[in-house]
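Could you slot chain B onto chain A? The hints should help.
First to last, the protein sequences are chains A and B. Per this note's numbering, the first sequence runs over residues 1 to 889. Per this note's numbering, the second sequence runs over residues 1 to 112.
It is worth saying that the hints were derived from the structure and are not from the lab. Just so you know, not all the hints are guaranteed correct.
What the hints assert, rightly or not - Stretch-level coverage of chain B by chain A, calculated; a stretch enters the list once three of its residues show a Cβ under 8 Å from a Cβ in chain A:
| hint | segment |
| --- | --- |
| 1 | 34–45 |
| 2 | 51–57 |
| 3 | 65–77 |
Stated by the list, open to error - With a Cα cut of at most 20 Å, we get these calculated EDC-like pairs of lysine to aspartate or glutamate:
| hint | chain 1 | residue 1 | chain 2 | residue 2 |
| --- | --- | --- | --- | --- |
| 4 | B | K57 | A | E30 |
| 5 | B | K63 | B | D24 |
| 6 | B | K63 | A | D162 |
| 7 | A | K318 | A | D162 |
Ideal Cβ positions, reconstructed from N, Cα and C, are used throughout, including at glycine.
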Amino acid sequence: MTQPGRPTAKKPAVVRPVGWLLRRILPRHEAEMSLGDLLEDLHDSGSQRRFTLDACSVILHGIARRARSRAHTSERNRMGTRMESLLMDVKFAARSLWKRPGFALVVLVTLALGIGAATAIFSVFEGILLRPLPLADPDRLVAANELDGEDRMPFAWPNYKDFRDRAQSFESLACHQANAFNLVGNGPARRVSGRLVCASFFDVLGVPMQAGRTFTASDDALGATPVAVVSDRFWKQDLGGDPSVIGRTLRTTELIFTVVGVLPPGFRFARPEDIYAPIGLTITPASGWLARGNHFGLNAVGRLKAAVSAQQADAELKRIAENLKREYPNTNARSSAEVVPLRERLVDQVRGTLEALMGAVAFLLLLACVNVANLFVARGAARRHELAIRAALGSSRLRVIRQLLAESSLLSLVGGVLGVAVAYWFLRTLIALAPDGIPRIEDIRLNRASLAFAFGSSALCGLIFGAFPALQASSFRGTQMLTRAGSMGQVSSRRTRRVLMAIEVALALVLLTGCGLMARTMARLNAVDPGFDPNGLTTARVVLSGDAWNDAGRRLAFHDSVLTEVRRIPGVTAAALTLSLPIEGSNWGSIFIVRDKPVPPRPDLPAAAFIPVSPDYFQTMGMRLRAGRAFTDADNPASRRVVIVNETFARRLWPGEDPLGRQVKQGWPETPEADAPWREVVGVVADVTLEGVDQDVPMQAYLPLRQNPSRSVAIVARTSVRPEFVGRQLETAVHTIEKDLAVTRVLPMTELMRNAIARQRLSTMILGVFAAVALLLAAVGLYGVVSHSVTERTREIGVRMALGSGRSAVLKLFVMHGLATAAAGTVVGMAGVFALSRWLETLLFGIEPTDPVTFVAVAVVLLIVAAAACYIPARRAARLDPLNALRAE
Amino acid sequence: MTEPTPLGELEHLILLAILRLRADAYGLSVARELQAQAGRPLSRGALYTSLERLELKGLIRWKLETGGPERQGLPKRVYTVTPRGVASVRASRRLLRRMWRGLDDVLKEPAP
Chain A
1 MTQPGRPTAK
11 KPAVVRPVGW
21 LLRRILPRHE
31 AEMSLGDLLE
41 DLHDSGSQRR
51 FTLDACSVIL
61 HGIARRARSR
71 AHTSERNRMG
81 TRMESLLMDV
91 KFAARSLWKR
101 PGFALVVLVT
111 LALGIGAATA
121 IFSVFEGILL
131 RPLPLADPDR
141 LVAANELDGE
151 DRMPFAWPNY
161 KDFRDRAQSF
171 ESLACHQANA
181 FNLVGNGPAR
191 RVSGRLVCAS
201 FFDVLGVPMQ
211 AGRTFTASDD
221 ALGATPVAVV
231 SDRFWKQDLG
241 GDPSVIGRTL
251 RTTELIFTVV
261 GVLPPGFRFA
271 RPEDIYAPIG
281 LTITPASGWL
291 ARGNHFGLNA
301 VGRLKAAVSA
311 QQADAELKRI
321 AENLKREYPN
331 TNARSSAEVV
341 PLRERLVDQV
351 RGTLEALMGA
361 VAFLLLLACV
371 NVANLFVARG
381 AARRHELAIR
391 AALGSSRLRV
401 IRQLLAESSL
411 LSLVGGVLGV
421 AVAYWFLRTL
431 IALAPDGIPR
441 IEDIRLNRAS
451 LAFAFGSSAL
461 CGLIFGAFPA
471 LQASSFRGTQ
481 MLTRAGSMGQ
491 VSSRRTRRVL
501 MAIEVALALV
511 LLTGCGLMAR
521 TMARLNAVDP
531 GFDPNGLTTA
541 RVVLSGDAWN
551 DAGRRLAFHD
561 SVLTEVRRIP
571 GVTAAALTLS
581 LPIEGSNWGS
591 IFIVRDKPVP
601 PRPDLPAAAF
611 IPVSPDYFQT
621 MGMRLRAGRA
631 FTDADNPASR
641 RVVIVNETFA
651 RRLWPGEDPL
661 GRQVKQGWPE
671 TPEADAPWRE
681 VVGVVADVTL
691 EGVDQDVPMQ
701 AYLPLRQNPS
711 RSVAIVARTS
721 VRPEFVGRQL
731 ETAVHTIEKD
741 LAVTRVLPMT
751 ELMRNAIARQ
761 RLSTMILGVF
771 AAVALLLAAV
781 GLYGVVSHSV
791 TERTREIGVR
801 MALGSGRSAV
811 LKLFVMHGLA
821 TAAAGTVVGM
831 AGVFALSRWL
841 ETLLFGIEPT
851 DPVTFVAVAV
861 VLLIVAAAAC
871 YIPARRAARL
881 DPLNALRAE
Chain B
1 MTEPTPLGEL
11 EHLILLAILR
21 LRADAYGLSV
31 ARELQAQAGR
41 PLSRGALYTS
51 LERLELKGLI
61 RWKLETGGPE
71 RQGLPKRVYT
81 VTPRGVASVR
91 ASRRLLRRMW
101 RGLDDVLKEP
111 AP
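So that you can see chain A by itself, here it is in the shape it has in the complex:
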């Protein structure tokens, strides 16, 4: 057929891979023989399609033949390698699970929920608390600040300089202060967040510039040419990615800055900020910075020397603070200082919340594990017969255990994969719902650590819930099981299940209690009387910064015209101005003295929040006047200095006395009257939750805005329409008077209040979901235990009924049986909660972590659900026909 001399056609591309495959799958002779046939056929027919089809057929049959012969030899001779027999175990496990898809489904859903929730929370925990800061050598970075008694306090500028010059622990120390820049030019003015920093700030953090340079000591001085460094985001979005950005100018109300540097992408200190400028530009003698008693939001970040720990640096600053106290007793009597690792400082507000959630989710994961273990024990009991046969046929005990472990590992692995999917979804939801201002939230993602966690926990789960039933089921003796004498095994499996069930109930109780405590906290928070009516209030803030506003008269005129404009807006029924809004917190804390009382020693001088407000403020806010009068237009710069105090102020200073007509003065006794005049108390108003609904009400002293025309004012407008509609018009009102003023934080008051408790609300929501899942798992578990025992004891029920036991007695028997387990779990859970509840303490408000109402309520809810879960199978038992029951196998 072939002509030997004919040159062979070029080999088609499929030949080589087919040959490769055949040689891998078949013994050498066979491979060569069949490839020869295929090639000959190809040579004669020229059909590549037929070649490919035939080749596939040979390969597939080859695989099948190989598998058959291998299974044959490994079963018969135990010659199979370890790997192969493991593969067999897994294959067998998959098949036996496939036969009962319901069981596998319940297990997988349970595991996916448990592992998914745990992985998502772990990702948050890891991203915020564990991962090092994305800065150079972050472990040596520390935050430093002063302390007022126990409370954190920013540095006074002269104190900061003393600490910086005297401390030996730091390679370098740099100060910084959050600052918003009022950008003008190019459309309406706007506030851009930023920070005023020492020249060495970026060197301390170890951040190289993407373009240009950082600040030098000569930039950081009064009267220097103003320069700025901008973020990568600001450069790309606001400056259009201009390649010649270095040297461009940024005009603010205060100064005109020249851009000298661009930060690298992804740089972030504390929160995303856009403009950094040297702090030295603002430290003028008139600014008050130079007074040792003024603490203006100045904080410090330091890089420790190589061998120095944060504790040592902390101790050193405390020693320096003691010296300063002796040197400046007037101002430093109460102050100390502290140093903590920078990472801890950045995240310390959320640490408690995250630790509590991580704890909760660990309980949920454990609960899921126990629940699955329970299902496995039940299945093991149901499979006694199968296992017995295998044992009788000569399967070793080890082999049976391995088989059962293969099943649980397979399930936990698939559960882990599903869990990662759940975690992905859950994490996205969490980030979307997270309240503003959570530090490092940009760092949160499902990363390698999260995946390692997910699969680590799924492997651990597999071992935990697999080991139990495997050991138990494999301990049965083959002969015992085949004869009907296996009831010993039944009893022991029932006992195991009841113990597991009690553990489950205990875990669920812990989660339910956590959720209950949070729910009570939310109720308390919502029930707090804020001291004013937040509904229908809209707020916005305007800051009159720059030298142009140094003239108090100009500021007063601005305040008047803003109020006139705002009152003109349709729907606005009242409007007022204030320095500090409730919830947002005080902007001006100050010590003071009282004329008719002895002056206490310096460390004990009282302090209050001083709040200049316009005349209609109390009425606009819906605050209640308790005594005296509100401010009027007659309280002006020319009239007598007056003050209105809140109830707390009056109660603390003049308990049981009439506060009206008393006099107070800000500052020290020796502060000259020109700086701080005596003011007469003319009224008392109800307390307002100034620092947030979950904080104590401080002493508050309201001053007439006309006598204290502050640069920063919040506009509050009461509206008869929805506050959202007015926000835009507040901005317009300001811009008709002065177009270069940025209007910021335009928010309905109700939203401000909601934001204030957003952390608690989110925690409550998460714990609520966890608790619901826990309750569901516990209920399903209980249902399963009781239902299973009804099935097992069918004959016994028949006997009982035949002997005259009533249906209600049978019902009671099974309900009580389940409830006893639940009650045991409840008791154990209670003990657990007592031990653990202090973890929740940071999240709670107005209740104790051992709140008896919550405990009783949770126990009752749990027992009711338990009773319901037991009732359903128990009713089935009670409805059995005794004759059928007696005949039951």
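Relative to the frame of chain A, chain B by itself:
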């Protein structure tokens, strides 16, 4: 000698094909013979599997021959039917004949 092994239909056909091909029975030629005479499309993999089974039963044996350039020098297995295989085919023929007897009226082919 023990009873000849009973044959499945495919095994029967393969044995007959090998016998018909005499000295030239190897994988591809057997496949072509079956296709040509029996009109039976048989997947190549199934054919090799059946050949292996027949070999295991001791009905055929093979020896390796070097191949020509049309198969790039790859060897081929040339099959022969063992005496035991021939006995099995005979037994099948006897069985079929017995079963056909008396069915001439039914099985008579229609005149062409």
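Now for the hints, and whether the structure bears them out:
1. Here the segment 34–45 of chain B counts 3 residues with a CB under 8 Å from a CB of chain A, which clears the bar of 3, and the coverage holds.
2. Counting residues of the segment 51–57 of chain B whose beta carbon lies closer than 8 Å to any beta carbon of chain A gives 1, which falls short of the minimum of three for the stated coverage.
3. Interface restraint, the segment 65–77 of chain B with chain A: holds (10 residues with C-beta to C-beta distance below 8 Å; minimum three).
4. At roughly 18 Å between alpha-carbon atoms, B/K57 and A/E30 fall within 20 Å of each other, so this suggested pair holds.
5. Our distance criterion of 20 Å between C-alpha atoms is met by B/K63 and B/D24, whose separation comes to about 12 Å.
6. Between B/K63 and A/D162 the alpha-carbon distance is near 101 Å, which puts this suggested pair outside the 20 Å criterion.
7. The straight-line distance between the Cα atoms of A/K318 and A/D162 is roughly 12 Å, inside the 20 Å bound, and the hint therefore holds.
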